Amino acid sequence: IAFYPADWSGGCTKEVCTLRDNFTQLGALNAEVVGMSGDYVFSHHEWAAHHNLPFVLASDHDHAVAKKYGSYSEQAGFNKRTVFVVNPSGKIAYIDMAYSPRDSVSFTKLQAALKTIH
2 IAFYPADWSG GCTKEVCTLR DNFTQLGALN AEVVGMSGDY VFSHHEWAAH
52 HNLPFVLASD HDHAVAKKYG SYSEQAGFNK RTVFVVNPSG KIAYIDMAYS
102 PRDSVSFTKL QAALKTIH
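For the sequence shown, counting from 1, position 4 maps to 5 in this note's numbering; every step adds exactly one.
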């Protein structure tokens, strides 16, 4: 689950495009990607189509899911940029509470974590 602040913003676009560009690699690691923000379904649909995203974007408009994962910023009113990997038995196997799309460091850590999950 990749929580992010908002569709159509620069950092979020970079984040989802990195996931898109590496979607085949992630699939080879048995990962399914779900992006989640507080934007409405209509915005998700248009943004996903615009960037040809091959994964689901989930609308968490009231931020209920983000709050349960500690991924909501009360001050900003948006989701924090965080990534959670849930293993096949439904347990959280990896957390990055400060995922950054600025460079490849966070994505490389995510890939390494996925390789350890069976």
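Fair warning: there could be bad hints in the mix.
As the list claims (entries may be wrong) - Capping the alpha-carbon separation at 25 Å, the derived lysine-lysine pairs in DSS-like fashion look like this:
(1) K81 - K69
(2) K69 - K92
(3) K92 - K110
(4) K92 - K116
(5) K68 - K15
(6) K68 - K110
(7) K116 - K15
(8) K68 - K92
(9) K69 - K110
(10) K68 - K81
(11) K81 - K15
(12) K81 - K92
(13) K110 - K15
(14) K81 - K110
Source of the hints: derived by calculation from the structure; they are not laboratory data.
Quick caveat: nothing in here was measured; it's all calculated off a predicted structure.
How the hints compare with the structure:
1. Between K81 and K69 the CA atoms are separated by roughly 12 Å; this keeps the pair inside 25 Å, and the hint holds.
2. As the CA atoms of K69 and K92 are separated by approximately 14 Å, the hinted pair is consistent with the 25 Å bound.
3. As the CA atoms of K92 and K110 are separated by approximately 19 Å, the hinted pair is consistent with the 25 Å bound.
4. Taking the CA atoms of K92 and K116, the gap is about 16 Å. The hint holds against a cut of 25 Å.
5. Between K68 and K15, the direct Cα distance comes to roughly 24 Å. Compliance with the 25 Å bound is thereby established for this hinted pair.
6. Distance restraint check for K68 and K110: the Cα-Cα separation of roughly 24 Å lies within the 25 Å cut-off, and the hinted pair is therefore satisfied.
7. Using a Cα cut-off of 25 Å, the hinted pair K116 and K15 holds, with the two alpha carbons roughly 23 Å apart.
8. Distance hint between K68 and K92 is fulfilled; the C-alpha atoms sit about 17 Å from each other, no more than 25 Å.
9. For a cut-off of 25 Å, the pair hint linking K69 to K110 stands: about 23 Å separates their Cα positions.
10. Among the hinted pairs, K68 with K81 is consistent with the structure: their alpha-carbon atoms are about 10 Å apart, no more than 25 Å.
11. Taken as a hint, the K81 and K15 pair is honoured in the structure, with Cα atoms around 15 Å apart against an allowance of 25 Å.
12. Proximity of K81 to K92 is assessed by CA-CA distance (about 21 Å); at most 25 Å being required, the pair is judged to hold.
13. Distance check on the hinted pair: K110 and K15 sit about 17 Å apart at the alpha-carbon level, within 25 Å; holds.
14. With a CA separation close to 18 Å, the supplied pair K81 and K110 stays within the 25 Å bound.
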